[in-house]
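Protein chains: 4
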Amino acid sequence: MAANTFGEIFRITTFGESHGKAIGVIIDGCPAGLVIDSEFISRELARRKPGQSHLVTQRKEDENFEILSGVFEGKTTGTPICIVIPNTDQRSRDYEHIAGIYRPSHADYTYDAKYGHRDPAGGGRSSARETAARVAAGAVTKTFLRQYGIEITAWVSQVGDISIPEHISIDLQKTETNPVRCPHSETAVRMEDLIMEVRKQGDTIGGMVSCLITGCPPGLGAPVFDKLHADLGKAMLSINAVKGFEYGSGFRCITMKGSEHNDVFENEAGQVKTKTNHSGGIQGGISNGMPINFNVAFKPVATIVRAQETVDNRGNQAVAEGKGRHDPCVVPRAVPIVEAMAALVIADHLLRDRTSRI
Amino acid sequence: MAANTFGEIFRITTFGESHGKAIGVIIDGCPAGLVIDSEFISRELARRKPGQSHLVTQRKEDENFEILSGVFEGKTTGTPICIVIPNTDQRSRDYEHIAGIYRPSHADYTYDAKYGHRDPAGGGRSSARETAARVAAGAVTKTFLRQYGIEITAWVSQVGDISIPEHISIDLQKTETNPVRCPHSETAVRMEDLIMEVRKQGDTIGGMVSCLITGCPPGLGAPVFDKLHADLGKAMLSINAVKGFEYGSGFRCITMKGSEHNDVFENEAGQVKTKTNHSGGIQGGISNGMPINFNVAFKPVATIVRAQETVDNRGNQAVAEGKGRHDPCVVPRAVPIVEAMAALVIADHLLRDRTSRI
Amino acid sequence: MAANTFGEIFRITTFGESHGKAIGVIIDGCPAGLVIDSEFISRELARRKPGQSHLVTQRKEDENFEILSGVFEGKTTGTPICIVIPNTDQRSRDYEHIAGIYRPSHADYTYDAKYGHRDPAGGGRSSARETAARVAAGAVTKTFLRQYGIEITAWVSQVGDISIPEHISIDLQKTETNPVRCPHSETAVRMEDLIMEVRKQGDTIGGMVSCLITGCPPGLGAPVFDKLHADLGKAMLSINAVKGFEYGSGFRCITMKGSEHNDVFENEAGQVKTKTNHSGGIQGGISNGMPINFNVAFKPVATIVRAQETVDNRGNQAVAEGKGRHDPCVVPRAVPIVEAMAALVIADHLLRDRTSRI
Amino acid sequence: MAANTFGEIFRITTFGESHGKAIGVIIDGCPAGLVIDSEFISRELARRKPGQSHLVTQRKEDENFEILSGVFEGKTTGTPICIVIPNTDQRSRDYEHIAGIYRPSHADYTYDAKYGHRDPAGGGRSSARETAARVAAGAVTKTFLRQYGIEITAWVSQVGDISIPEHISIDLQKTETNPVRCPHSETAVRMEDLIMEVRKQGDTIGGMVSCLITGCPPGLGAPVFDKLHADLGKAMLSINAVKGFEYGSGFRCITMKGSEHNDVFENEAGQVKTKTNHSGGIQGGISNGMPINFNVAFKPVATIVRAQETVDNRGNQAVAEGKGRHDPCVVPRAVPIVEAMAALVIADHLLRDRTSRI
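Protein chains in written order, with the numbering used here: chain E, 1 to 358; chain D, 1 to 358; chain P, 1 to 358; chain R, 1 to 358.
Each hint should be verified, as a subset may be incorrect.
Note that the list lumps identical chains together, so a pair holds whenever it fits in one copy or between two copies.
[Said to hold, decoys possible] Cross-link-like lysine to any residue pairs, in silico, SDA-like; alpha carbons within 20 Å at most:
1. 21 to 63
2. 174 to 289
3. 21 to 86
4. 21 to 87
5. 273 to 149
6. 200 to 151
7. 21 to 67
8. 21 to 64
9. 75 to 117
10. 275 to 62
11. 174 to 46
12. 257 to 160
13. 21 to 66
14. 21 to 321
15. 273 to 217
16. 257 to 218
17. 75 to 321
18. 275 to 319
19. 257 to 277
The set of hints was computed from the structure by calculation and includes no laboratory data. Every value quoted in this text rests on a predicted model; they were computed, and no experiment measured them.
Construct the complete structure from the given sequences, taking the supplied hints into account.
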């Protein structure tokens, strides 16, 4: 069944595998009249790109892109915007040695179980390369949201057991000043050291990306199934390697009492605000105008250098050896993907909310 | 915009507020030929019902229900099944004293912001009463899944800082033997004490519900947006008071290395299994045949007895006083809701998977 | 698969068979703030009701209804509106004699083929009774459209070979002055005579319903799949017994030349108009502000009094005898159904168009 | 709002305008394991191609295409198939003279009304070029349907007032033997003459395409909104220039009596058949195993050579002159488009029907 579309009114459909000629995305439902900034799309793609630093996979992927439709004289026309990113370094040879072998914690076995075959060259649609299409779409979406003063910023808040100290004030402008994308410089250095150490071991490590959405007006979301945080949660959980999502107080809420968790309302110069923000900017599934914040947990990348025991597609004992060029830690490159998916959710609900009242 | 529908092929649409005549659900897409067990629906509703024990709200809600359509001589016909649950104890008077006042961490303000009005009687669609409709639908859905040997079981794993000890073997058959719905009897007693203590303080406390899905065949889910765990995550985050979702290793994955997190495949009597299950039964968004497990974090209920400062809908300072009858802790009653939503996701993907191959 | 939902943003889901306790509809996506007129819903249901005149089936159906949700103090709240119409005269005994027999041109055989069973009592979901739910929803929808000056009016334009003379001016206010619902009184009398004659023969006759939508602003619809007339066409073809749909010039366009078919634009007091309206108010799938008009062909009702040869569900030769009380001609009662479905399409596109531009 | 997607389970999304770099389509939901025949896609595109005969526009469009994804070693993988058709002869200069002028019966004015701009170069998404993407997708879909013995064949049955004589036996194999695509050779010659005459006059003429679907199993479709013929109707009405749709007896049913219209069932060697087929292979919205047949009315192309009075986007009087190269009659090239859209509907319902029973 069709399963490559995300969103209701502002909607993307992605396509492409690493072994094909290209990957890409159709953005359908972007309103007419938006000025498109191609350089911004390039910059966003560069943030996700392999080879951007010593901390990430050295695999070469060219992230040139073409806008095939939906833009006329620099502005969106209201029709579908198709963006194509050619595959230039397909390297299916790198994967030939693993044909038939079910790599541990990869999608090889589940693909076989579902489709009656597996994609021997880089994981097919479960390859992280698919997320480049999301980032391209996310760039268009962020441009759209800026028209309304909405900004979305993500950063690395934890790698392994190294996290930004609590109760410290951080400057999100600094996120892009280091290759880890951690806005707290001292922590960034420690994270970098850990990642390099893990890489030397031929191993990988998990991490956390946090995200902040500011400028979101109150009223976005819906009270039942399409709660704003439910759609954000699905969006994040649809990103490769994500194992958990929490917003506002998140899992910490379990040990809290109502009297300390409740966010007291106050009138701040004519605007309704809350003194605290355990709600994470969303109450009853609907934005309340406060900043929206959430955390996303990423597992350690499944591809490791050391040999692992496994079975092949005939049920025979086999050994999986990780010869490909892979990330020791996925979170530095995940930051723009988290932002892109968040932007898509907010844009969709921003448009949906135009129909709430007569 | 329409936002009260969940699922693609096996799909529910719920309706109703506590101040109306009834709440209910349409189940559309349930295949023909399923034997419906009305008593099972009743039992499931009773698990969610207010007043079922001293640990939950003493508000009276009658959970009688009528099946208006879609069932003929005890079997589903393939047409929409409408189940209606009348509201018998509407008690809108209980809420009159709060009209115009924005209760902290309730949806009063965000409703106003979205719809230009608020629902003065019990929270409208953001009332937890809506979840009774989900539980009724969930009972039908579980019956459907049993045809395929799929069982879904949830339980309370944490209340406040009291949780089931790690590495202890628990017997899920015991979940229903105590009012907390914790399968570990000693822990259940401690949870019960904590909830009663919190109630005496006029306060509330958060908790966690865990869920296990067994018998799910490999191949359910999709590689990109409709990952099985992404749909489970959205389903859980759409339940009132949920602040976080994690599956398999969850947030613990952050501090793990790939070499310890990877689940090694083995051939167990002709079936592909994994030695560990950090993947939580899902790899690349697709079920792998191992048990699926996940955790859901519930915040402390926002309604507390003590008076709280707030503002009203004219921006004036006001005081919110909690006179309604509410739960000191939501998780005992959340257990069947978690199961219902999980069942809907699995049933939908079970049917979706029928179209994966020619 | 779920198939009982119509519309994207303004969306209905219907349920119910004649043998169940009730039929009904959920309207999801109706904006908040609309004043609901229950008497208007009743009047609309009365226009579709059996037994309303000597021209239609004398079967008794009570068309009482209850609004279970979505309306508070007479206004829509933005949440789903559930309307239930109880079945009071189920009379499944009337149908017992046909159990297992495939009535010619009924859905008995195709139901069997699809669901592995047939619904022996009145045709299940293929019974015209389901359309009462659409008419109830249509009444709410028309009320919504009136806020924007949009009026939808249908009438009977042909019964058998009797049609309103071409190039005659008709007064649509007169439609409801006769039981046929033909606005041209002389033609109405001839139609009435024909229907009574056909009834005496124990036979049935086909007919045509025409519809006019005025006040529709330019800009509704979409250029590709969701052309306004494509959605109107699907809406009409989803009504029982419909065999054809045409809009504007319709099938007559086949013999026309471009030079005569083209609608020349002119500036009428600052508004763009067309001199002729072969386009039927829709160009390139998008409304142009001119009146929208279309025709719908209804076949003769399949249930006739005379005995018909057929087979039963074991493939044996059998005889179908029509003992139920049925309509000799369906179009007088189809008029409000056509209006209801047209209203749903326009309302949906009216809301969809709110997201066309930044 | 997103509006460029068609289908539920087997689903296409098209993109592209004639002024952009390419047009194309994503097919999402095509089951894994289908052998793709690129040459067949080429042949189908050639049937729709401009310049294929003296009867159609002499505009040059290259119909080379690339499959960017979803196919591995010649077989579908179950992931989205993206097919791109580059624009090589964009010729936006041809249209410069009409910038700002609302061409009669084109989408210029309605685009302006909807999106706040018009697409000055060839009609944007309302250009018939978009249908090439549908034909490419249709070729894949027909290949899929052939796995199940389902064949879809369309032909030209009328041009202006010239139609294939009734009650004549026609051989659909002959459709492709003449440039009109009329299977009755003598009628084809007369149609050809009429089209050439109309072209000489600088005018255009309407026509009708008929379609036959054989091998469709009973049980496809749904009883209420998603009736098989309702989805076929929407599919056809979504094709440019279509003004009407009828199936089976179509508009002729209006003058028929039930006793002559009803299709009597009979047992033909163990299979349930009907003696006549006024039902057009569909009863109660569900296929009955008999051939499905329908007619589609196409208006005369709006672009004519002679000058036409009109207004421009400032409301000033203006003259539209048709300098582009256009079709004198659209039906010969519409035949493969009708087939493609029909194939998409049947494929979608074929997969949907896999979930009807437990």
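Taking the hints in turn, this is what the structure says about them:
1. 21 to 63: both (13 Å within a copy, 18 Å between copies)
2. 174 to 289: neither (25 Å within a copy, 44 Å between copies)
3. 21 to 86: Both: 6 Å inside a copy, 15 Å across copies.
4. 21 to 87: Answer is both: 5 Å inside a copy and 18 Å across each meet the 20 Å cutoff.
5. 273 to 149: Classified as within: same-chain Cα gap 18 Å, cross-chain 39 Å, threshold 20 Å.
6. 200 to 151: neither (37 Å within a copy, 44 Å between copies)
7. 21 to 67: both (16 Å within a copy, 8 Å between copies)
8. 21 to 64: both (13 Å within a copy, 15 Å between copies)
9. 75 to 117: Close across copies (10 Å), not inside one copy (42 Å); limit 20 Å.
10. 275 to 62: Cα proximity of residue 275 and residue 62: none, with 47 Å in one copy and 38 Å across.
11. 174 to 46: within (17 Å within a copy, 53 Å between copies)
12. 257 to 160: Cα proximity of residue 257 and residue 160: across copies only (8 Å, versus 30 Å in one copy).
13. 21 to 66: both (13 Å within a copy, 9 Å between copies)
14. 21 to 321: Neither way: residue 21 and residue 321 sit 27 Å apart in one copy and 42 Å across, limit 20 Å.
15. 273 to 217: within (12 Å within a copy, 39 Å between copies)
16. 257 to 218: neither (26 Å within a copy, 40 Å between copies)
17. 75 to 321: Neither way: residue 75 and residue 321 sit 48 Å apart in one copy and 28 Å across, limit 20 Å.
18. 275 to 319: Between copies only: 15 Å across chains, 56 Å inside a chain, cut-off 20 Å.
19. 257 to 277: This pair counts as within: shortest intra-copy Cα distance 15 Å, inter-copy 33 Å.
Figure legend: structure checked against the earlier numbered hints; hints not met, in rising order: 2, 6, 10, 14, 16 and 17.
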